[in-house]
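J.: Protein sequences appear in the order of chains S and D.
Residues 1 to 196 in the UniProt record's numbering are what the first sequence lists, from first letter to last.
Residues 1 to 196 in the UniProt record's numbering are what the second sequence lists, from first letter to last.
One thing to keep in mind: the hints can contain errors.
The list that follows gives simulated cross-link-like pairs (lysine to any residue, SDA-like), each with its CA atoms no further than 25 Å apart [stated by the list, open to error]: (1) 72(S) with 29(D); (2) 56(D) with 164(S); (3) 43(S) with 57(D); (4) 58(D) with 54(S); (5) 56(D) with 151(S); (6) 58(S) with 175(D); (7) 58(S) with 124(D).
FRET-style restraints, in silico, Cβ to Cβ [as the list claims (entries may be wrong)]: (8) 135(D) with 186(S): 24 to 32 Å; (9) 1(D) with 120(S): 37 to 45 Å; (10) 156(S) with 194(D): 42 to 50 Å; (11) 32(S) with 68(D): 16 to 24 Å.
Bear in mind the hints are in silico, worked out from the structure with no lab data behind them.
None of these values were measured; they are calculated from a predicted model.
Cβ coordinates follow ideal geometry from the N, Cα and C atoms, glycine included.
2 protein chains.
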Amino acid sequence: MIEFWFEFGSNYSYLSVMRIGALAAHHGVTVQWRPFLLAPIFKSFGWDSSPFVLQKEKGAYVWRDMERRSAKYGLPWVRPSHFPRRALLPMRVALIGADQPWMEAYCQRIMQMNFVHDREVDSPEVVSEVLAALNLPVADILAGAQSEANKLALRHATEEAQARGIFGAPTFFAGNEMFWGDDRLEDALAWAAASA
Amino acid sequence: MIEFWFEFGSNYSYLSVMRIGALAAHHGVTVQWRPFLLAPIFKSFGWDSSPFVLQKEKGAYVWRDMERRSAKYGLPWVRPSHFPRRALLPMRVALIGADQPWMEAYCQRIMQMNFVHDREVDSPEVVSEVLAALNLPVADILAGAQSEANKLALRHATEEAQARGIFGAPTFFAGNEMFWGDDRLEDALAWAAASA
Chain S
1 MIEFWFEFGS
11 NYSYLSVMRI
21 GALAAHHGVT
31 VQWRPFLLAP
41 IFKSFGWDSS
51 PFVLQKEKGA
61 YVWRDMERRS
71 AKYGLPWVRP
81 SHFPRRALLP
91 MRVALIGADQ
101 PWMEAYCQRI
111 MQMNFVHDRE
121 VDSPEVVSEV
131 LAALNLPVAD
141 ILAGAQSEAN
151 KLALRHATEE
161 AQARGIFGAP
171 TFFAGNEMFW
181 GDDRLEDALA
191 WAAASA
Chain D
1 MIEFWFEFGS
11 NYSYLSVMRI
21 GALAAHHGVT
31 VQWRPFLLAP
41 IFKSFGWDSS
51 PFVLQKEKGA
61 YVWRDMERRS
71 AKYGLPWVRP
81 SHFPRRALLP
91 MRVALIGADQ
101 PWMEAYCQRI
111 MQMNFVHDRE
121 VDSPEVVSEV
131 LAALNLPVAD
141 ILAGAQSEAN
151 KLALRHATEE
161 AQARGIFGAP
171 TFFAGNEMFW
181 GDDRLEDALA
191 WAAASA
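Using the sequences and the hints, build the whole thing.
T.: Structural data, given as structure tokens:
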């Protein structure tokens, strides 16, 4: 089993959301999807945005790196016109879906809305469109996502991320071993498979 | 041809210094060694140390990542008791040696002094010990390294790094394509080989 901590606003999380399912199956490892919010973690470092925005040299590099990495993995990629995008509503839905059979397809479609179709993912319209395309009960899921209990649960997940030393996304845990970054996904899966 | 920009104080540069020679040969790519100083670049971002020191969550992760990465590549690794170590003198010698046949062996030994033997590499003793072990004319090389012209040349190399958008080490260039981090070494070499 591998824990996959991710956030829809994170570009490198996009790569992992698209890759993890097939790779984990190949390694015989199950994926535990762990949505959390990056903004409160960045805020705890005194940052009011992504480091890719705050540090412009790294930011310039990251967009080229994303083009190359996406091409390497055969994934479409369009640099979003806004970055980082808030993704509170789709993240709340992700928490509802974490153990559901539709989770992977849902996450992939939300990520493609942000990083391929340049859509504002933090909107009921986009989230509804994605849920409807998956033949899911849109109204029920949105109501559950916006319930006080679910809002609190996402806050708790984010606090857990922080308590476990997570400082960016994606982050993977194989037991207590933490791996940060899409470029550590294969290592994390190999570790999880070896210690199973 | 690939340009390899590195600094002896940088732990991820250690991995690349140890790996690049054999990997580049395997790809049929020649390596242009480009020593530069990280501290002035970090200073330009308003940082007075490495981000691994300034951001303690990332720092804690990096040392575990280094253990795992070193093990993966079959390289010895001992976390230095001081980090980041100043490496001005050995960097100046590296600039002298950049086109010399002893460059790779020299760089590997300096890196091992820092990241395996926990020695203070910014000292005439350690640098002399390394040069002597390679049967090189220690006094001549040290004199050349400390000449005004060479000091200025290292400053210019660092300014060139900054002008080209380098924000960390190691950084590789395959033509105008910039790749950052030891974990992009294989991609950079593949790019250089494909465009040759």
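J.: A separate judgement is required for each hint: does it hold in the structure or not?
T.: Each hint tested on the structure:
1. 72(S) with 29(D): holds, 20 Å
2. 56(D) with 164(S): The given pair, whose Cα atoms are some 13 Å apart, holds under the 25 Å limit.
3. 43(S) with 57(D): Since the Cα atoms of residue 43(S) and residue 57(D) sit roughly 14 Å apart, the hinted pair holds (cutoff 25 Å).
4. 58(D) with 54(S): With Cα atoms ~17 Å apart, residue 58(D) and residue 54(S) stay inside 25 Å; holds.
5. 56(D) with 151(S): violated, 29 Å
6. 58(S) with 175(D): holds, 19 Å
7. 58(S) with 124(D): Cα-Cα ~35 Å, so violated.
8. 135(D) with 186(S): 24 to 32 Å: Between residue 135(D) and residue 186(S), where Cβ atoms are some 42 Å apart, the hint is violated.
9. 1(D) with 120(S): 37 to 45 Å: holds, 44 Å
10. 156(S) with 194(D): 42 to 50 Å: About 47 Å separates the Cβ atoms of residue 156(S) and residue 194(D), which means 42 to 50 Å holds.
11. 32(S) with 68(D): 16 to 24 Å: For residue 68(D) against residue 32(S), whose Cβ atoms are near 21 Å apart, the range 16 to 24 Å holds.
Checked against the numbered hints above, the structure violates hints 5, 7 and 8; every other hint is satisfied.
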